[in-house]
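Read off the chains here:
Number of protein chains: 2
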Amino acid sequence: MSKKILNKALVLLSGGQDSTTCLAVALEKFPDQVEAVAFDYGQRHRIELDSAKKIAGIAGVHLEIINIDTISKITENALTRHNCTIKEKDGELPSTFVEGRNLIFLSYAAIYAKTRKIKNIYTGVCQTDYSGYPDCRNDFVRSLNNTLNLAMDYQFKLITPLMWLKKSETVQLMQDMDKLEWYLYTHTCYEGLRPACGKCPACVLRLRGFYDAGIQDPLAYTAVDN
Amino acid sequence: MSKKILNKALVLLSGGQDSTTCLAVALEKFPDQVEAVAFDYGQRHRIELDSAKKIAGIAGVHLEIINIDTISKITENALTRHNCTIKEKDGELPSTFVEGRNLIFLSYAAIYAKTRKIKNIYTGVCQTDYSGYPDCRNDFVRSLNNTLNLAMDYQFKLITPLMWLKKSETVQLMQDMDKLEWYLYTHTCYEGLRPACGKCPACVLRLRGFYDAGIQDPLAYTAVDN
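So the sequence lines, in the order shown, correspond to chains A and B. Heads up, the first sequence is in my numbering, so the first residue is 132 and it goes up one at a time. Heads up, the second sequence is in my numbering, so the first residue is 132 and it goes up one at a time.
These are computed hints drawn from the structure, not numbers from a lab. All values derive from a computational prediction rather than experimental measurement. C-beta: ideal position from N, C-alpha, C; glycine also. It is possible that part of the hints are untrue.
Unchecked claim - Simulated pairs of lysine-lysine, DSSO-like, Cα-Cα distance not exceeding 27 Å:
#1 LYS250/B x LYS288/B
#2 LYS204/A x LYS204/B
#3 LYS185/A x LYS204/B
#4 LYS248/A x LYS160/A
#5 LYS204/A x LYS184/B
#6 LYS248/A x LYS204/B
#7 LYS204/A x LYS250/B
#8 LYS248/B x LYS204/A
#9 LYS288/B x LYS204/A
#10 LYS204/B x LYS184/A
#11 LYS204/A x LYS185/B
#12 LYS139/B x LYS204/A
#13 LYS139/A x LYS204/B
Claimed, not checked - Here's a subset of chain A near chain B, in silico, CB distances under 10 Å, partners left out:
#14 GLN164
#15 GLU166
#16 LYS204
#17 SER238
#18 TYR239
#19 LYS245
#20 PRO265
#21 ARG268
#22 ASP270
#23 VAL272
#24 SER274
#25 THR278
#26 LEU281
#27 TYR285
#28 PRO326
Stated by the list, open to error - Here are some of the chain B residues that sit facing chain A, going by a computed Cβ distance under 8 Å:
#29 ILE205
#30 THR206
#31 GLU230
#32 ASN233
#33 SER238
#34 TYR239
#35 PRO265
#36 ASP270
#37 PHE271
#38 ASN277
#39 THR278
#40 MET283
Taking the hints into account, I'd like the entire structure generated from these sequences.
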């Protein structure tokens with residue numbers, strides 16, 4: 132793989148496992164040319180922003196935190212409304228689905244990227260393990276890439292290295308890059324707990340990935356042994 | 132034209148001439164089934180929000196004002212940065228261009244529309260008189276429509292009745308609907324002045340439209356006779 136620097140890259144860094152993996156991938160491709168952005172949107176698990184700061188610090192990249200309070204005002208969901216229960220039901224979108232979240236995040240990331248003269252934007256969305264969220268699918272990302280280019284007369288490149296990976300393969304990828312210890316600082320738990328609850332849909336998905344990869348999760352959990 | 136109500140409609144109402152015309156068109160097609168949304172994004176001409184409220188009141192539709200402060204924080208432009216001069220130069224985007232503005236507005240409008248179970252979204256963007264703003268072009272709107280549908284698993288319909296009209300034809304359309312007096316309450320001037328300055332690019336475009344249509348603009352202007 133050519134390491135030639137074609138341009139700078141911006142990584143959407145939530146502080147979770149997938150975006151942290153994306154940051155590592157981006158740094159392999161664009162060493163010293165990576166910046167990161169995180170979103171404060173009133174999420175229940177705001178603790179993930181501390182994770183994002185910590186990981187950006189370890190990686191030595193600038194992190195810009197963009198504040199968005201609009202999204203929680205106009206949608207009702209369990210991530211930004213604390214009186215709304217986290218639940219999943221077959222055939223329905225989970226209550227943690229924030230309508231249009233990736234649409235808004237990627238749009239703001241692109242606007243910000245253009246002001247920084249950056250064309251490459253990394254996001255850790257994944258269709259394989261997409262939890263029923265439509266805005267994690269490849270069709271959506273490809274359509275949005277076209278829309279962003281038309282909106283701003285700019286040639287963005289939305290890069291999704293995890294799109295077709297299983298969670299276990301993501302964990303394996305991080306091990307191959309010798310960055311597994313970064314996972315110690317990631318935050319996944321929807322309940323915002325540390326040690327992580329081990330029971331919410333996000334914890335369960337994470338733990339299954341490590342289990343399938345045969346790799347130990349460096350995170351501490353309350354409810355389960357991993 | 133069939134007047135059958137297929138669904139409800141949401142109109143992006145800035146309080147300007149085009150969106151006011153869109154509101155009138157939407158009410159012809161969906162009588163009593165129209166809602167409106169306006170955006171407070173720190174614009175220099177915030178006075179347009181008063182216009183939007185006044186016009187929504189006259190039209191008898193509910194107006195939701197959505198506050199967005201993110202966009203002015205991450206972009207630099209003459210509409211939200213008061214120390215930035217309004218200027219236009221051949222071959223460059225005008226300094227009034229707010230990067231990604233319609234992208235963000237239409238995305239939030241769609242998220243809001245879905246919570247209100249509305250599929251039809253009217254916007255007054257116009258490629259004919261688009262002032263060099265890429266996010267007013269038809270290709271952008273069609274691409275965004277596809278992106279929104281994929282983002283939220285919903286069949287939005289972005290409706291752009293003014294896309295191919297000249298400003299003079301928009302004025303004529305409003306006269307044909309017998310709603311010309313609504314223009315008395317619209318706001319167009321980028322400088323936020325009332326009486327309007329008559330000199331900024333927005334005022335000049337508006338005045339030319341009325342002149343070409345041979346119709347008197349009901350607005351008061353300081354600098355010019357119309």
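Hint check:
1. At roughly 6 Å between alpha-carbon atoms, LYS250/B and LYS288/B fall within 27 Å of each other, so this suggested pair holds.
2. At roughly 19 Å between alpha-carbon atoms, LYS204/A and LYS204/B fall within 27 Å of each other, so this suggested pair holds.
3. With a C-alpha separation of about 24 Å, the suggested pair LYS185/A and LYS204/B falls inside the 27 Å cut-off, and the hint holds.
4. Restraint check for LYS248/A and LYS160/A: the C-alpha separation of about 18 Å stays at or below 27 Å, so the hint holds.
5. Taking the CA atoms of LYS204/A and LYS184/B, the gap is near 20 Å; set against the 27 Å cutoff, the hint holds.
6. Between LYS248/A and LYS204/B the CA atoms are separated by roughly 17 Å; this keeps the pair inside 27 Å, and the hint holds.
7. Among the hinted pairs, LYS204/A with LYS250/B is consistent with the structure: their alpha-carbon atoms are about 20 Å apart, no more than 27 Å.
8. Of the supplied pair hints, the one linking LYS248/B and LYS204/A holds, its CA atoms being roughly 17 Å apart against a limit of 27 Å.
9. At most 27 Å may separate the alpha-carbon atoms for a hinted pair to count; LYS288/B and LYS204/A meet this at roughly 23 Å.
10. Annotation: proposed proximity of LYS204/B to LYS184/A holds, straight-line Cα distance about 20 Å (limit 27 Å).
11. At roughly 24 Å between alpha-carbon atoms, LYS204/A and LYS185/B fall within 27 Å of each other, so this suggested pair holds.
12. This hinted pair checks out: LYS139/B and LYS204/A have alpha carbons roughly 22 Å apart, not beyond 27 Å.
13. With a CA separation close to 22 Å, the supplied pair LYS139/A and LYS204/B stays within the 27 Å bound.
14. Violation of the interface hint for GLN164/A is found here, the shortest Cβ-Cβ separation to chain B being roughly 20 Å, above the 10 Å cut-off.
15. Taking 10 Å as the C-beta cut-off, the interface hint given for GLU166/A is violated, the closest approach to chain B being about 13 Å.
16. With 10 Å as the threshold, the beta carbon of LYS204/A comes within range of chain B, its nearest partner Cβ sitting at about 7 Å, so the hint holds.
17. Taken as an interface hint, SER238/A checks out: its beta carbon lies about 5 Å from the nearest beta carbon of chain B, inside 10 Å.
18. Proximity of TYR239/A to chain B holds as hinted, the smallest CB-CB distance being about 6 Å (cut-off 10 Å).
19. Given the 10 Å rule on beta carbons, the hint for LYS245/A holds: about 6 Å separates it from the nearest Cβ of chain B.
20. Because the closest C-beta pair between PRO265/A and chain B is about 4 Å apart, less than 10 Å, the hint holds.
21. Hint on ARG268/A holds. Least Cβ distance to chain B is approximately 7 Å, under the 10 Å limit.
22. Proximity of ASP270/A to chain B holds as hinted, the smallest CB-CB distance being about 5 Å (cut-off 10 Å).
23. For VAL272/A, the suggested interface contact is upheld, since its CB lies about 9 Å from the closest CB of chain B, less than 10 Å.
24. For SER274/A, the suggested interface contact is upheld, since its CB lies about 4 Å from the closest CB of chain B, less than 10 Å.
25. The beta carbon of THR278/A comes within 4 Å of a beta carbon in chain B, closer than 10 Å, and the hint placing it at the interface holds.
26. For LEU281/A, the interface hint holds, since its Cβ comes within 10 Å of a Cβ in chain B; the closest pair sits about 4 Å apart.
27. This hint holds: TYR285/A has a C-beta 9 Å from the nearest C-beta of chain B, less than the 10 Å allowed.
28. Against a cut-off of 10 Å between C-beta atoms, the interface hint on PRO326/A is violated, since the closest Cβ of chain B lies about 33 Å away.
29. Given the 8 Å rule on beta carbons, the hint for ILE205/B holds: about 5 Å separates it from the nearest Cβ of chain A.
30. About 6 Å separates the beta-carbon of THR206/B from the nearest beta-carbon of chain A, less than 8 Å, and the hint is met.
31. For GLU230/B, the shortest C-beta to C-beta distance to chain A is roughly 5 Å, which falls under 8 Å, so the interface hint holds.
32. With its C-beta approaching chain A no nearer than about 7 Å, ASN233/B sits inside the 8 Å limit, and its interface hint holds.
33. Of the supplied interface hints, the one on SER238/B holds, with its beta-carbon coming within about 5 Å of a beta-carbon of chain A, less than 8 Å.
34. A distance limit of 8 Å between C-beta atoms decides the matter here; for TYR239/B the minimum to chain A is near 6 Å, and the interface restraint holds.
35. The closest approach between the C-beta of PRO265/B and any C-beta of chain A is roughly 4 Å, which is under the 8 Å cut-off, so the hint is satisfied.
36. The interface hint given for ASP270/B is met, as the beta carbon of that residue sits about 5 Å from the closest beta carbon of chain A, less than 8 Å.
37. A distance limit of 8 Å between C-beta atoms decides the matter here; for PHE271/B the minimum to chain A is near 4 Å, and the interface restraint holds.
38. For ASN277/B, the interface hint holds, the least distance from its beta-carbon to any beta-carbon of chain A being 5 Å, beneath 8 Å.
39. Interface restraint check for THR278/B: the shortest CB-CB distance to chain A comes to about 4 Å, inside 8 Å, so the restraint holds.
40. The interface hint given for MET283/B is met, as the beta carbon of that residue sits about 6 Å from the closest beta carbon of chain A, less than 8 Å.
Hint compliance for this structure: hints 14, 15 and 28 are broken, all remaining hints hold.
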